[in-house]
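In case you want the letters, here they are:
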Amino acid sequence: MIMASKSESTHNESDDEAAEPIEPESALETARRQLDHAASHLDIDPSIVERLRYPKKVHEVTVPIERDDGTVDVFTGYRAQHDSVRGPFKGGLRYHPEVSRDECVGLGMWMTWKCAVMDLPFGGAKGGVAVNPKELSSGEKERLTRRFAQEIRDVIGPNRDIPAPDMGTDPQTMAWLMDAYSMQEGETIPGVVTGKPPVIGGSEGREEAPGRSVAIITKQACEYYGSDLEGTTVAIQGYGSVGANAARLLDEWGAMVVAISDVNGAMYDPDGIETATVPSHDEEPEAVTKYADDVISNDELLTLDVDVLIPAALGNVITEANASAIAADLVVEGANGPTTSTASVILAERDIPVIPDILANAGGVTVSYFEWLQDINRRSWSLERVNDELKTEMQAAWQAVTDEYEHRDVTWRDAAYIVALSRIAESHEVRGLWP
Amino acid sequence: MIDVDPESDEKTPYECFECGSIITAEDSPGQCPDCGGPMRNRRMSLE
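Here the protein sequences come in this chain order: A and B.
So the first sequence is numbered by our numbering: it starts at 5 and just counts up by one.
So the second sequence is numbered by our numbering: it starts at 122 and just counts up by one.
Hints are not guaranteed to be accurate.
Reference listing, derived: stretches of chain B covered by chain A, where coverage requires no fewer than 3 residues with Cβ under 8 Å from a Cβ of chain A [what the hints assert, rightly or not]:
no., segment
1, 139-147
2, 152-160
SDA-like cross-link-like pairs, simulated, lysine to any residue; straight-line CA separation at most 25 Å [stated by the list, open to error]:
no., chain 1, residue 1, chain 2, residue 2
3, A, LYS294, B, THR145
4, A, LYS294, B, ILE144
5, A, LYS60, B, CYS153
6, A, LYS138, B, PRO150
7, A, LYS61, A, SER328
8, B, LYS132, A, GLU324
9, B, LYS132, A, ASN302
10, A, LYS294, A, ASP273
11, B, LYS132, A, LYS294
12, A, LYS138, B, ILE144
13, A, LYS294, B, CYS156
14, B, LYS132, A, ARG427
15, B, LYS132, A, ILE350
16, B, LYS132, A, ALA352
17, A, LYS395, A, THR406
18, B, LYS132, A, SER328
19, A, LYS138, A, ASP77
20, A, LYS294, B, GLY151
21, A, LYS61, A, ARG427
22, B, LYS132, A, GLU102
23, A, LYS138, B, SER142
24, B, LYS132, A, ASP77
25, A, LYS60, B, THR145
26, B, LYS132, A, VAL267
Note that these hints are calculated values from the structure, not bench results.
All C-beta atoms, glycine included, are put in the ideal place defined by N, C-alpha and C.
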């Protein structure tokens, strides 16, 4: 059993050495440091933490393809599989010139925590090919994908490891990968990848899922802090797929969205914006300020006196420079990492709760899980069912994180990490070490 | 798991999903200087 520990120890060996780093630490070093930080809150068998510091397997393959001009180029592909104690490995596949072994291992570790905080029956993985996809024709990209699929065929599969789109890859790439795998296996196996086009087993509601999860978590957080969503004022930075979907849902549920923004600036209306009438970035790029009567800057949006602030565009927008001026009562991270570490400390001192990205925007990976379920059961779900099940999963994750938050007197972010690591460590403890 | 390391303000690489440019910086560079696309931290898992 994992025993609750209220250890105050936050000793972190890299704290002692990292004052003046010469080189930025690698993704793997960062991931390990975060593992150690979460482990410091828990009484976990150190041998389990030690096991989690390393990937279970890393596959490196050579991917030769014939170019359109008849010559042959050879690329290197990777698939790093970090941990599968809770289920098959899950994680993206990227095509980028700087894909490396260590980066795949680090990002795979994060996928392990991310799936665990949502209680999805998956472990973590990451992979890719070191190639510049901009220099490939569509035919070359297809040949690369099919050959890569063949090279990693023995180690992926719906019960082994399920790739998904990432940088430089898209639903079409997943369709080719699924086809290549299915051809070689002799049967159609849609569950080998997620993020496919819906016509071959992709899920409804995948695109809107992160924004929807942000709205659901915002509603939960408002209720937790004793305020009804009805009439709650909300400012949202970013009006892309996350920001626009979150804004429209919160508006529909009775919240008063008073500010939304894109790269050009923010629309501000203290009486509430009719979000349905403003096109999202995907519908009409950079349209927010065109539709606005009253335009303020993105910096002003962040410091508006509202009930809820949702940074949903970029990383590192709440920083040491503006954290003291944040006037919202609650921050919900829609984007990945909008709050810097120094800003997190300042907000914590000011008693402004920050609901972390790992929980708030986890709708994406959760609907990937639904896609996999639909594929292995050979039965597609309606959009209504996807949305209902997403709500159930988000509420369950919210409750688990809330329990740790209350029990341990930590930040919401630490509570989310603790939930993830406790589940993984407990699974390892119960399964034991083979042989 | 999260885009910026909550324990450190060290420089990390950011990548543009539109054109693949990579910039190492302490804070998010915001828009990509090459194509104007959004930059995201490379140390963050997607999905």
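How the hints compare with the structure:
{"no.": "1", "hint": "139-147", "result": "holds (count 4)"}
{"no.": "2", "hint": "152-160", "result": "holds (count 4)"}
{"no.": "3", "hint": "A:LYS294 with B:THR145", "result": "violated, 33 Å"}
{"no.": "4", "hint": "A:LYS294 with B:ILE144", "result": "violated, 31 Å"}
{"no.": "5", "hint": "A:LYS60 with B:CYS153", "result": "violated, 35 Å"}
{"no.": "6", "hint": "A:LYS138 with B:PRO150", "result": "holds, 22 Å"}
{"no.": "7", "hint": "A:LYS61 with A:SER328", "result": "violated, 45 Å"}
{"no.": "8", "hint": "B:LYS132 with A:GLU324", "result": "holds, 15 Å"}
{"no.": "9", "hint": "B:LYS132 with A:ASN302", "result": "holds, 24 Å"}
{"no.": "10", "hint": "A:LYS294 with A:ASP273", "result": "holds, 14 Å"}
{"no.": "11", "hint": "B:LYS132 with A:LYS294", "result": "violated, 35 Å"}
{"no.": "12", "hint": "A:LYS138 with B:ILE144", "result": "holds, 18 Å"}
{"no.": "13", "hint": "A:LYS294 with B:CYS156", "result": "holds, 22 Å"}
{"no.": "14", "hint": "B:LYS132 with A:ARG427", "result": "violated, 31 Å"}
{"no.": "15", "hint": "B:LYS132 with A:ILE350", "result": "holds, 20 Å"}
{"no.": "16", "hint": "B:LYS132 with A:ALA352", "result": "holds, 23 Å"}
{"no.": "17", "hint": "A:LYS395 with A:THR406", "result": "holds, 16 Å"}
{"no.": "18", "hint": "B:LYS132 with A:SER328", "result": "holds, 23 Å"}
{"no.": "19", "hint": "A:LYS138 with A:ASP77", "result": "holds, 15 Å"}
{"no.": "20", "hint": "A:LYS294 with B:GLY151", "result": "holds, 21 Å"}
{"no.": "21", "hint": "A:LYS61 with A:ARG427", "result": "holds, 21 Å"}
{"no.": "22", "hint": "B:LYS132 with A:GLU102", "result": "holds, 17 Å"}
{"no.": "23", "hint": "A:LYS138 with B:SER142", "result": "holds, 11 Å"}
{"no.": "24", "hint": "B:LYS132 with A:ASP77", "result": "violated, 34 Å"}
{"no.": "25", "hint": "A:LYS60 with B:THR145", "result": "violated, 29 Å"}
{"no.": "26", "hint": "B:LYS132 with A:VAL267", "result": "holds, 23 Å"}
Against the hints set out earlier in the document, violations occur for numbers 3, 4, 5, 7, 11, 14, 24, 25.
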